[in-house]
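With the hints as constraints, model all of the structure from the sequences given.
If you read the sequences in order, they're chains A and B.
FYI, the numbering used here numbers position 269 of the first sequence as 329, with every residue one higher than the one before it.
FYI, the numbering used here numbers position 286 of the second sequence as 346, with every residue one higher than the one before it.
Since the hints were derived computationally from the structure, they do not count as laboratory data.
Any given hint might turn out to be false.
Since the list can't tell identical chains apart, any single copy or any two copies may satisfy a pair.
Using 35 Å as the maximum straight-line C-alpha spacing, the simulated DSBU-like pairs for lysine-lysine come out as follows [to be verified]:
| # | residue 1 | residue 2 |
| --- | --- | --- |
| 1 | K133 | K260 |
| 2 | K194 | K350 |
| 3 | K247 | K319 |
| 4 | K319 | K305 |
| 5 | K260 | K247 |
| 6 | K133 | K247 |
| 7 | K319 | K230 |
| 8 | K138 | K260 |
Predicted, not measured: the structure shown is a model, and the values here were computed from it.
2 protein chains.
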Amino acid sequence: MLTVAVDAMGGDAAPRVEVEGAILAARSYPVKILLVGRQEVLRRELAEHLADHLPIEIVNATEVITMDDAAAKAVRAKRDSSVRVAARLVRDGRAHGLVSAGNTGAVMATAKIVLGTLPGVHRPALASVFPTLKGTAAVVIDVGANVDSTPQMLAQFAVMGEVYSRVICKQERPRVGLLSIGEEEHKGNDLTHQATPMLKELSLDFIGNVEGRDLFSGEADVVVCDGFIGNVALKVSEGLVEIIKFMLQDSLNATITRKIGYVLARTAFDDFKKRVDYSEYGGAPLLGLKGVCIICHGRSNPNAIKNAIRVAIEFSKGRVNETIEAALGGENREQAPAAVGD
Amino acid sequence: MLTVAVDAMGGDAAPRVEVEGAILAARSYPVKILLVGRQEVLRRELAEHLADHLPIEIVNATEVITMDDAAAKAVRAKRDSSVRVAARLVRDGRAHGLVSAGNTGAVMATAKIVLGTLPGVHRPALASVFPTLKGTAAVVIDVGANVDSTPQMLAQFAVMGEVYSRVICKQERPRVGLLSIGEEEHKGNDLTHQATPMLKELSLDFIGNVEGRDLFSGEADVVVCDGFIGNVALKVSEGLVEIIKFMLQDSLNATITRKIGYVLARTAFDDFKKRVDYSEYGGAPLLGLKGVCIICHGRSNPNAIKNAIRVAIEFSKGRVNETIEAALGGENREQAPAAVGD
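Printed below as a string of structure tokens:
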């Protein structure tokens with residue numbers, strides 16, 4: 061049975077959401093959970109549920125990094141934070157992966173410091189999975205770990221994203237696109253122009269430029285971009301889903317006939333909300349690390365934590381890291397020597 | 061009465077959509093329309109409607125720039141294209157503004173060449189208006205006219221967007237935000253870090269960094285960004301609206317009860333679709349030109365063309381350009397000398 065360490069103090073509604081998510085996961089999957097955080101708090105929280113029979117264990121961590129903490133400073137100062145202890149559990153082989161809904165910057169920095177990067181990886185990158193019109197999943201990488209990326213970094217994001225799509229999203233031969241502002245090769249900015257020839261040289265199915273709408277069209281299975289762009293795209297999507305839900309609800313409440321219609325069609329809305337709900341897709345994996353680290357939204361609900369734990373299990377079982385290492389090794393042999401330890 | 065020149069050969073469904081949009085506008089607003097394009101084609105199209113009594117006139121242009129044309133090349137080669145003739149009508153004072161749903165790159169290049177930029181403007185920028193949760197409109201600038209923008213350019217986008225928000229969106233004291241990946245000033249990339257001090261020095265209500273979701277939150281009335289980022293954000297939004305409509309329809313068709321519910325609530329969906337439909341917001345104004353130029357989506361419907369004509373009227377009546385010129389003059393006096401003719 062695999063073991064997943066959950067940073068129980070990270071999210072906006074911690075530790076309630078993390079504990080409930082861990083319980084859901086332990087009931088649904090063959091997994092052992094290590095809940096990391098203030099022992100007495102977690103014991104109390106856990107006691108409120110019928111969870112004694114479940115394979116959930118508490119690991120004490122005395123400090124908590126909050127959302128308001130400056131990431132770099134908190135990582136340096138709080139050596140016994142819940143996320144750091146969780147990362148150590150992975151490093152020391154006591155857990156196969158780590159899930160956190162904490163301060164994203166702090167989680168990324170901690171994971172990088174404690175776990176280290178895979179041989180040949182310049183920078184770890186955050187991937188996010190978008191649902192598409194074709195029913196497939198599009199892996200967007202990077203969604204916020206790196207800004208002002210170099211073309212070389214984009215090429216590595218492509219390799220890592222392609223592996224993730226192949227192993228986790230079960231795309232046999234993922235099509236990899238470069239996020240730009242037009243399909244034609246000359247449309248783009250300096251970064252896309254410089255990255256294009258590098259992406260063409262990789263031994264993967266590079267389909268050229270894709271546009272913002274292709275995050276959802278299914279044209280590409282992997283969409284590569286700088287982390288600033290990817291982060292904006294991700295948050296634009298979240299914001300739009302919110303306003304659309306609001307507008308729809310507002311329209312449905314405007315007349316009696318509509319309200320009756322709404323009652324009859326309610327399951328459709330529940331279904332719809334579920335389909336546009338990011339919590340269904342689990343957290344965002346930080347790729348390129350010596351270990352498994354899944355980062356959840358600070359506003360995650362228990363379902364999102366449960367799904368992130370599922371992703372951590374699949375990630376570990378699917379040997380994503382071993383495959384990335386092999387793929388980068390191959391690419392690096394073909395190209396320039398890897399700048400290890402960047 | 062104001063006069064608007066409509067590039068009748070530009071969009072994907074030209075000239076049908078442009079002619080129908082012009083007729084809708086001529087019926088709704090006190091405006092004279094100059095339909096620019098192949099005379100015989102437009103005459104035939106116009107004859108299919110009861111439009112003889114409307115103030116619509118055809119202006120001949122023998123060439124057409126297609127969506128497949130490379131923008132720069134087409135602008136040089138096709139001197140009698142419909143968009144170029146329409147731009148000349150504005151330059152020569154025969155029309156107050158120009159509306160086109162044609163090849164965006166070609167329309168921007170043509171407008172810049174034929175109309176020229178306002179004194180002190182480094183680069184014209186494309187603005188797009190997003191609906192917000194607060195019921196206000198957020199002006200996002202730039203959404204595709206410029207990539208690899210400099211911090212100085214972003215500062216000018218802020219000034220131009222602020223004027224547009226004030227005059228057209230009727231925001232008394234627009235709050236201007238810089239699109240980034242976190243609210244804290246240190247979060248961002250090289251460009252946002254360099255632009256922040258410049259934005260702080262402008263005599264407008266700069267609220268600092270905003271995030272992708274703030275395009276819809278109403279936190280900012282003007283969102284400033286590089287055109288690459290803005291274009292990705294715009295197209296992510298379009299793509300997401302499409303997939304959400306599809307998912308919702310799909311869910312509603314899944315059972316009989318849901319279908320009945322849908323029939324009863326249908327007006328709510330029509331209402332909802334209208335509210336998320338970009339055609340309601342008219343086209344995107346290209347700000348910073350000596351003249352009025354509104355660019356519509358290639359897939360515009362007649363309603364979008366009608367609304368773009370309305371925006372062109374408001375733009376001209378509101379004296380947006382005069383206000384931008386005055387605002388930039390003021391800012392330039394306060395700061396370094398303006399690099400005119402960049």
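Comparing the hints with the structure gives:
Proximity of K133 to K260 under the C-alpha cut-off of 35 Å is restricted to the inter-copy arrangement: shortest distance 26 Å between copies versus 39 Å within a copy. In the homo-oligomer, the alpha carbons of K194 and K350 lie at most 35 Å apart inside one protomer (33 Å), although the nearest pairing across protomers, at 45 Å, exceeds that limit. In this homomeric assembly, K247 and K319 never come within 35 Å of each other (Cα to Cα): the closest approach is 47 Å inside a single copy and 44 Å across copies. In this homomeric assembly, K319 and K305 come within 35 Å of each other (Cα to Cα) both inside a single copy, at 15 Å, and across copies, at 20 Å.
Both within a single protomer and between protomers do K260 and K247 lie at most 35 Å apart by alpha-carbon distance, with minima of 16 Å and 32 Å respectively. Taking identical chains as interchangeable, the C-alpha atoms of K133 and K247 lie at most 35 Å apart only when they sit on different chains, with a minimum of 14 Å there against 40 Å within one chain. Proximity of K319 and K230 under a CA criterion of 35 Å is satisfied inter-copy only: 33 Å between copies versus 41 Å inside one chain copy. With identical chains, the CA atoms of K138 and K260 are at most 35 Å apart between copies only, with a shortest distance of 34 Å across copies and 43 Å within one.
The structure is inconsistent with hint 3 alone, although it conforms to all the rest.
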